[in-house]
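Produce the entire structure from the sequences given, and follow the hints as far as they go.
Single-letter residue listing:
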Amino acid sequence: MVNELVQGILLGCYYALIACGLSFTFGVLRIINLAHGSIAVLGAFVVWTIAEQWNISPFLALVAVAPFMAAAGWVLQRTVLERSLRSGALTPLLSTFGLAIVIDNLLFSKFGADTRSMAPNIGDLAFASWNLPGGVTIGQLALLTAIVAVALLGGLQLFLARTPLGRAIRATAEDPDTAELVGIDSRKVYAAATAISMVTVAIAGTFLALRATFDPYAGSAQLIFAFEAIVIGGTGSLWGTLIGGIVLGVAQNLGSQISPQGFLIGGHLVFFAVLAARFFIAGRSPGSLVRSLRRTSP
Amino acid sequence: MPNTSSRREFVKRASAVAGGAALVGAPAFWETAGAAEAIKVGFISPLTGPLGSFGESDPYVLSLVRKALAKGLNVGGTTYSVTILDRDSQSDPARAGQLAKELINSQGIDFMLVTSTPEVVNPVSDACEAAGVPCLSTVMPWEAWYFGRGAKPGAPSPFKWTYHFSFGVKNFFDCYVSQWHELSTNKKVGVLYPNDADGNAIREHLIPDLQKAGFTVVDPGGYEDGTTDYSAQIAKYKSENCQIFNTFPIPPDFATFWRQAAQQGYTKMVKIAQIAKTGLFPDTMEALGSLAYNLASACYWHRNFPYPSSLTGISSRELADGYERTTGKQWNQQIGATMSLFDAGFQALKNSGAPKTKAAVAKALSRLKTTTAVGVVDFTSGPFPNVSPASIIGSQWVKAAPGSKHPLDLVITEHANDAKVPIGAKLRPFS
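The listed protein sequences correspond, in order, to chains D and Y. In this text, residue positions in the first sequence follow my numbering: the first is 1, and each later residue adds one. In this text, residue positions in the second sequence follow my numbering: the first is 1001, and each later residue adds one.
Worth flagging that the hints you see were computed from the coordinates, not collected in a lab. Wrong hints could be hidden among the right ones.
[To be verified] FRET-style restraints, in silico, Cβ to Cβ:
hint, chain 1, residue 1, chain 2, residue 2, range
1, D, 224, Y, 1156, 43 to 49 Å
2, Y, 1431, D, 164, 52 to 58 Å
3, D, 224, Y, 1431, 30 to 36 Å
4, D, 102, Y, 1066, 29 to 35 Å
5, D, 162, Y, 1406, 51 to 57 Å
6, Y, 1431, D, 272, 39 to 45 Å
7, D, 94, Y, 1385, 47 to 53 Å
8, Y, 1265, D, 68, 37 to 43 Å
9, D, 102, Y, 1420, 26 to 32 Å
10, Y, 1101, D, 90, 29 to 35 Å
[To be verified] Some chain D residues flagged as far from chain Y (calculated, every beta-carbon gap over 10 Å):
hint, residue
11, 63
12, 75
13, 161
14, 186
Glycine included, each C-beta is placed from N, C-alpha and C at the ideal position.
So this is what it looks like as structure tokens:
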């Protein structure tokens, strides 16, 4: 029982790591990035290619890839997201959905249908563990994932709260026009935010590839847990995303204690309960529900 | 109302077309000799999408088949030219059905061949059954094909045009019992079967048989595909000391499960880890790293099969070697399976005596008894008229010999389903 709880918390940190980029993009740019999963898999493929090519550790490869992902984020913002944001709230949804299809199929034509994993590149770390008294097992990779998740989400939160760029990002997220009045170049801020978000997505993709397997079409499967973590934790708040991920992971593991089928249902039930509670507290109008989802104060 | 009249118009036209089609389909004698000598065969398989691994070697097999048929197919002294129209289902069942209809209605195919998983085979078989086009299929459990499409046990077969040869639950049972007696264990089997079509069919049919054969089965219950944590199940297998493990998961779920089982110390307890549905192809095994060594699997074709392809005359070994030479990739079991589909299909066309007459081809399928790359295909003695069970052979993924081009090798460890298949090695304990 204690072990299941511990596994649930570790799993929740993994969800939060996967959800981090999505949460950031939504909080700052007000875009639900449906290509999030596909971009994570793209990041995994790039990191994997470099790790295999030069026979280096995936973590080292990730450090090398990060600047390129940031640049790709900048380009993505300027060429796709910015344009689609201009034509209403629905267009970014459609354009990121289209982007997901394009990325999936480009990856397929380049890498084929093979299933891959980066776990073989890190040897025993993929399945080594520490045994604690009381039947508790802590996987080394799972713990590393949790540490990275807490560091990344916490670091971003501090960055938003304490640094000038963080403040500019928050100001632009609240009201881009007023932010421009006080001398903030909102286009630059948006592009910087997307660049940061892409780096976090590359990290998420790498951990996805270390923990499980990936192939060109693996992106969308991870998206639902990321969404649930964000909604449970309250959109726009990064600490909230971490807590949301942990709540989701623990709920799933408690659900599977009741029945193996309860794993996914347990998570979905908590998700639904939180959504319903928000709806209730927010004053029972769909408009205020949307506003409550868009709470951005860090 | 213009709407009503146009609809009436449409019905009239449609029935005229249908009548015309029936006229064309039934009496072939008035057709000119030249037109009668070209056969069109449809072939649908998943080349892209999540099932893309199944279709990966199909272009290679198609190239061999086209080469063998370049001079046409000789049926009873008449040489027919053959066109194979190959289509990619993109792993989408709706698209598979749509492609089948397009091949039937626009291309006017005489015969359909289809392979790999219920997502491709069932919609295509249904379209052919509805349109009255003979269809032969393989590589999916025959129970899911036969009962999954509405046939009832005890009732006569409702299918007139569609035929299927592939493994079934009984084949898995025979293979597993033979395989699991290779090593001494406590005969306790931990099973991880998902709550999906395959998992539930296996749970319902295989578990009682295993219990009758003297195995204790520990089943925590069906989990949902896409589950990302298996602590509850692993704790159960550990507390029950299940030395045999069996699973039918979708491949990504198995990778997650197996690493977690290693983290929690269950893999050190397992003597035989028997996996199905995943572990068919080398790449999914390579993705597991060192945790893949000594996983037991079951294969429907192997490069050491003693049977040559009847259509091309190429031996099983040469089929595998040729694939490795042409593509640089390791051979996989789908090569022989797709080849056997063409072997059996074209044998039926030959036996029919009139490959352009659909009823004659369907009749030839019902009487087909031939040897293909995967072994004997026999529709005269199956459990049901449209079904021919095919063998499944116990095998094991082992670390390849030093100097090998690929990290893993698949070796045959038992042959309860087909004694002609040579055993390559004794089953090794997982840990």
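Hint check:
1. 224(D) x 1156(Y): 43 to 49 Å: At 44 Å between Cβs, range holds.
2. 1431(Y) x 164(D): 52 to 58 Å: With a Cβ separation near 56 Å, residue 1431(Y) and residue 164(D) satisfy 52 to 58 Å, so the hint holds.
3. 224(D) x 1431(Y): 30 to 36 Å: Once the Cβ atoms are compared, 35 Å apart, the range 30 to 36 Å for residue 1431(Y) and residue 224(D) holds.
4. 102(D) x 1066(Y): 29 to 35 Å: Once the Cβ atoms are compared, 32 Å apart, the range 29 to 35 Å for residue 1066(Y) and residue 102(D) holds.
5. 162(D) x 1406(Y): 51 to 57 Å: Check passed, 52 Å falls within 51 to 57 Å.
6. 1431(Y) x 272(D): 39 to 45 Å: At roughly 42 Å between Cβ atoms, residue 272(D) and residue 1431(Y) fall inside 39 to 45 Å, so the hint holds.
7. 94(D) x 1385(Y): 47 to 53 Å: About 50 Å separates the Cβ atoms of residue 94(D) and residue 1385(Y), which means 47 to 53 Å holds.
8. 1265(Y) x 68(D): 37 to 43 Å: holds, 39 Å
9. 102(D) x 1420(Y): 26 to 32 Å: Taking Cβ atoms as reference, residue 102(D) and residue 1420(Y) lie about 49 Å apart, which means the hint is violated.
10. 1101(Y) x 90(D): 29 to 35 Å: holds, 33 Å
11. 63: holds, 22 Å
12. 75: For residue 75(D), whose nearest Cβ neighbour in chain Y is about 27 Å away, the distance exceeds 10 Å, so it holds.
13. 161: Since the minimum Cβ distance to chain Y is about 31 Å, residue 161(D) lies beyond 10 Å and the statement holds.
14. 186: holds, 38 Å
Comparing the model with each earlier hint shows a violation of hint 9 alone; every other hint is respected.
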